[in-house]
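There are 2 protein chains.
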Amino acid sequence: MLNKKKSAIVLVSGGMDSALTAAFAFKKYDLAFLHVNYGQKTEKRELQAFHDIAKYFGVKKKLIVDIGYLKKIGRSSLTDKKIKISKADIKSKKIPTSYVPFRNANILAIATSWAEVIKAEKIFIGAVEEDSSGYPDCRKKFFESYNKMINLGTKPDSKIEIVTPVIGFNKKEIVLKSFELNSPVHLTWSCYKNNDIACGVCDSCALRLRGFQQAGKKDPVSYKVIKNYL
Amino acid sequence: MLNKKKSAIVLVSGGMDSALTAAFAFKKYDLAFLHVNYGQKTEKRELQAFHDIAKYFGVKKKLIVDIGYLKKIGRSSLTDKKIKISKADIKSKKIPTSYVPFRNANILAIATSWAEVIKAEKIFIGAVEEDSSGYPDCRKKFFESYNKMINLGTKPDSKIEIVTPVIGFNKKEIVLKSFELNSPVHLTWSCYKNNDIACGVCDSCALRLRGFQQAGKKDPVSYKVIKNYL
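Here the protein sequences line up with chains A and B, keeping their order. Plus 16 on top of the position in the first sequence (first one is 1) and you've got our numbering. Plus 16 on top of the position in the second sequence (first one is 1) and you've got our numbering.
Hints are not guaranteed to be accurate.
The list treats identical chains as interchangeable, and a pair is accepted whether it falls inside one copy or across any two copies.
[Stated by the list, open to error] Only pairs whose alpha carbons sit at most 20 Å apart, straight line, appear in this in silico PhoX-like list of lysine-lysine:
#1 Lys76 / Lys193
#2 Lys71 / Lys164
#3 Lys233 / Lys138
#4 Lys21 / Lys57
#5 Lys171 / Lys156
#6 Lys157 / Lys233
#7 Lys138 / Lys76
Just so you know, these hints were derived from the structure itself, not from any lab.
When you get a sec, could you build the whole thing from the sequences and use the hints?
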């Protein structure tokens, strides 16, 4: 069978946003999945979600990259054992302790290197501007600037572009769209803290639960604690 | 003793260009050295040069990062055992086989993460536009674009800028300036192929030797073969 679809890389962390992003890309492209371990505390659980989601979409071309140096560089609660994962303060405008300095730029550089080798034309990333309040490298204008830099830093015949299909969504819209596009929400993992049952109280759990509550949907994942975030 | 100098990171590969770049930065900044292993064949020898150069400049703050994933992604003669290091064709305008896709973008992303943590204001990189014929991520306009991207992708109070003091130099000028600024040329390593005595025939050796020959200087490093490249 001839496959004439063009190739695209999807950054799949294992969370809900990246699974939905894969669902968007699935329609048009032949997919390759990239997962990055950066020494986060929930590394193993996220990797399992990555493989589950790849299986769901029938993706065989997978690359798992270890960038433990981000842990070495430190200063994020996601990677530094000395910093506690803070409880959610989802109304705060401050940059959260979970921020890994310049993480997306590192991950996208890897994706671009791979894209150049496998001749992928698009790199899909499930960044969300609104809900990622305060992460500077999650903003639309950051990705626009990154695309210009890619254009200048790759071979002239490479046409690689970062695509952010969920950038403008809030978590409620992510939830609704996930159901609409049959994204495998049940296979995803969002908790920053636990590897077995989601804690329900870290930033990431809180944002996810609020999204489901706003959308009037039930989250198929189990939680230790479910608060009302409405 | 109070040290009021501002902090800067220097990317030190171990080669002549990066040593000279360190010599430029040394005058004004408190230095931190970053070295990246990306699975290149001369990894160990370059790392030794890195430590020797750090000692020469009295730099104690060092970070060595392993990005073996570039080897996994492959397709460069510097990292892929299946591709032979080609003999120098320094007049060619084609992108050489030693090109590692998007390598500088990967390395600079790491440097920027580190700079944000240690509050360094500058990242010095010894990229050379002319002699690196055909490496798209060695060009001045690539670094200008990267700086804009950094500005958008880091915290608002971060003021990180990439500086390329030798970008406009040819190898002859690198050699002359190295002697002028007392850069430790004797401690550097440029050969892409060997770990003991430089081969003298790979792209990197050929460019280096031609530079010394044009400058009318003797290279303190030993070679297996020394051709006339004038």
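Taking the hints in turn, this is what the structure says about them:
Taking the closest pair of Cα atoms, Lys76 and Lys193 never come within 20 Å of each other, the shortest separation being 25 Å inside a single copy and 52 Å across copies. With identical chains, the CA atoms of Lys71 and Lys164 are never at most 20 Å apart, being 33 Å at best within one copy and 38 Å at best between copies. In this assembly of identical chains, Lys233 and Lys138 lie within 20 Å of each other by CA distance neither inside one copy nor across copies; the values are 32 Å within and 48 Å between. With identical chains, the CA atoms of Lys21 and Lys57 are never at most 20 Å apart, being 37 Å at best within one copy and 36 Å at best between copies.
Proximity of Lys171 to Lys156 under the C-alpha cut-off of 20 Å is restricted to the inter-copy arrangement: shortest distance 15 Å between copies versus 24 Å within a copy. For a Cα distance limit of 20 Å, the shortest separation of Lys157 from Lys233 qualifies neither inside one copy, at 32 Å, nor across copies, at 49 Å. With identical chains, the CA atoms of Lys138 and Lys76 are at most 20 Å apart within one copy only, with a shortest distance of 17 Å there and 41 Å across copies.
Consistency with the previously given hints fails for numbers 1, 2, 3, 4 and 6, ordered from lowest to highest.
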